[in-house]
Amino acid sequence: AGNRNEGRGSMAPVVIVTGGTGLVGKGIEWVVENKKEMIGDAKFVFLSSKDADLRDEASTLACFKKHNPTHVIHLAARVGGLFKNMRSKVEMMVENIAINNNVLHAANECGVDRVVSMTSTCVFPDKVTYPISEDMLHDGPPHPSNEGYAYAKRMVEVLSRCYNDQHGRNYITVVPTNVFGPHDNFNVDDGHVAPGLMHKCYNAKKSGDTLPVWGTGKPLRQFIYSRDLAQLVVWSTLTYMGKDSLMLCPDEADEISIAELAKTVAISMDFPVEKLVFDDTKSDGQFKKTVSNKRLRGHLPDFKFTPFSEAMAVTCKWFQDNYDTCRK
Numbered sequence: 001a002g003n004r005n006e007g008r009g010s011m012a013p014v015v016i017v018t019g020g021t022g023l024v025g026k027g028i029e030w031v032v033e034n035k036k037e038m039i040g041d042a043k044f045v046f047l048s049s050k051d052a053d054l055r056d057e058a059s060t061l062a063c064f065k066k067h068n069p070t071h072v073i074h075l076a077a078r079v080g081g082l083f084k085n086m087r088s089k090v091e092m093m094v095e096n097i098a099i100n101n102n103v104l105h106a107a108n109e110c111g112v113d114r115v116v117s118m119t120s121t122c123v124f125p126d127k128v129t130y131p132i133s134e135d136m137l138h139d140g141p142p143h144p145s146n147e148g149y150a151y152a153k154r155m156v157e158v159l160s161r162c163y164n165d166q167h168g169r170n171y172i173t174v175v176p177t178n179v180f181g182p183h184d185n186f187n188v189d190d191g192h193v194a195p196g197l198m199h200k201c202y203n204a205k206k207s208g209d210t211l212p213v214w215g216t217g218k219p220l221r222q223f224i225y226s227r228d229l230a231q232l233v234v235w236s237t238l239t240y241m242g243k244d245s246l247m248l249c250p251d252e253a254d255e256i257s258i259a260e261l262a263k264t265v266a267i268s269m270d271f272p273v274e275k276l277v278f279d280d281t282k283s284d285g286q287f288k289k290t291v292s293n294k295r296l297r298g299h300l301p302d303f304k305f306t307p308f309s310e311a312m313a314v315t316c317k318w319f320q321d322n323y324d325t326c327r328k
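In this text, residue positions in the sequence shown follow the numbering used here: the first is 1, and each later residue adds one.
In short, the hints are calculated from the structure, not lab data.
Worth double-checking, as some hints may not be accurate.
Listed below are the simulated DSS-like cross-link pairs for lysine-lysine, each with C-alpha atoms no more than 25 Å apart in a straight line [unchecked claim]:
hint, residue 1, residue 2
1, Lys275, Lys294
2, Lys127, Lys218
3, Lys317, Lys282
4, Lys263, Lys289
5, Lys200, Lys304
6, Lys243, Lys218
7, Lys35, Lys317
8, Lys206, Lys263
9, Lys26, Lys65
10, Lys243, Lys263
11, Lys200, Lys282
12, Lys26, Lys43
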């Protein structure tokens, strides 16, 4: 019965994707169009803020009742880069708690057995031993800079378990590392490191300037391509039946240094690598934030992640082809 709604018999699954127009939502749309074997007869409904205000309980419930889902992939969140997180702690906390409460409530009311909600590695404890595993989520406070967002995201993991205990549901959370890919937000100031670098590289290429990279370039990060992540999210929704949270990321051996990231972006955009300038007067931040994907590999030992250079080439091409219309 894991795949069906109460009273729906064996009708084809209907999967609502909240935040369906964002980076990961667009990745899932790509999977639906290109990986039919993963989708089967499931119908996907991609919601954007035009379809419902998820901060509002009645609006959320009406939207869910209209589509009558069997599964929900919950990606919608109020998000922002570091500076927005520091400036808007109250909104970050209040709005994300409301969104998560309303989505899980509406799902339960509609008899949805499987909800997969996405959180983030940045909501894990600030002081932690590496590699980080799923079970460390509540082992200490998050970094003070994004505590409003972090505690709201932690609560969706707690609330999912509460629905499982009280209502016999299968609601889980999945946790990606640094996501990049087509349809990202390429804002230089409030975007993330990879898309920000692509945009800076685009500007430097036009102006003929050097491309400054903050810090020494030595820190290591785990990047996951949005289309790989999307396949894992679809698998964890339609196929994986466990109730354990899952870290979704490539293997530790595939960590990428910021210098390697910058070089890969430069090569993908035909920008001279010798014009990259590392500004070591700027802070490097944490050297490593390694996440363990051991639990994921226990279920999917053979999953092949797209090679970083290949994924970056596709993303840089998409960014340049869609420069006029993309989020930036």
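The hints, checked one at a time:
1. Restraint check for Lys275 and Lys294: not satisfied, since their Cα atoms lie roughly 38 Å apart, outside the 25 Å limit.
2. For the hint linking Lys127 to Lys218, the alpha-carbon distance of about 21 Å falls within 25 Å, and the restraint holds.
3. Among the hinted pairs, Lys317 with Lys282 is inconsistent with the structure: their alpha-carbon atoms are about 29 Å apart, more than 25 Å.
4. At roughly 21 Å between alpha-carbon atoms, Lys263 and Lys289 fall within 25 Å of each other, so this suggested pair holds.
5. Annotation: proposed proximity of Lys200 to Lys304 is violated, straight-line Cα distance about 30 Å (limit 25 Å).
6. Restraint check: the Cα-Cα separation between Lys243 and Lys218 comes to about 37 Å, which exceeds 25 Å; the hinted pair is violated.
7. Among the hinted pairs, Lys35 with Lys317 is consistent with the structure: their alpha-carbon atoms are about 21 Å apart, no more than 25 Å.
8. Our distance criterion of 25 Å between C-alpha atoms is met by Lys206 and Lys263, whose separation comes to about 18 Å.
9. With a C-alpha separation of about 23 Å, the suggested pair Lys26 and Lys65 falls inside the 25 Å cut-off, and the hint holds.
10. Of the pairs offered as hints, the one joining Lys243 and Lys263 is violated, with about 40 Å between alpha carbons and a cut-off of 25 Å exceeded.
11. Taking the CA atoms of Lys200 and Lys282, the gap is about 17 Å. The hint holds against a cut of 25 Å.
12. Proposed proximity of Lys26 and Lys43 is supported: the alpha carbons are some 15 Å apart, at most 25 Å.
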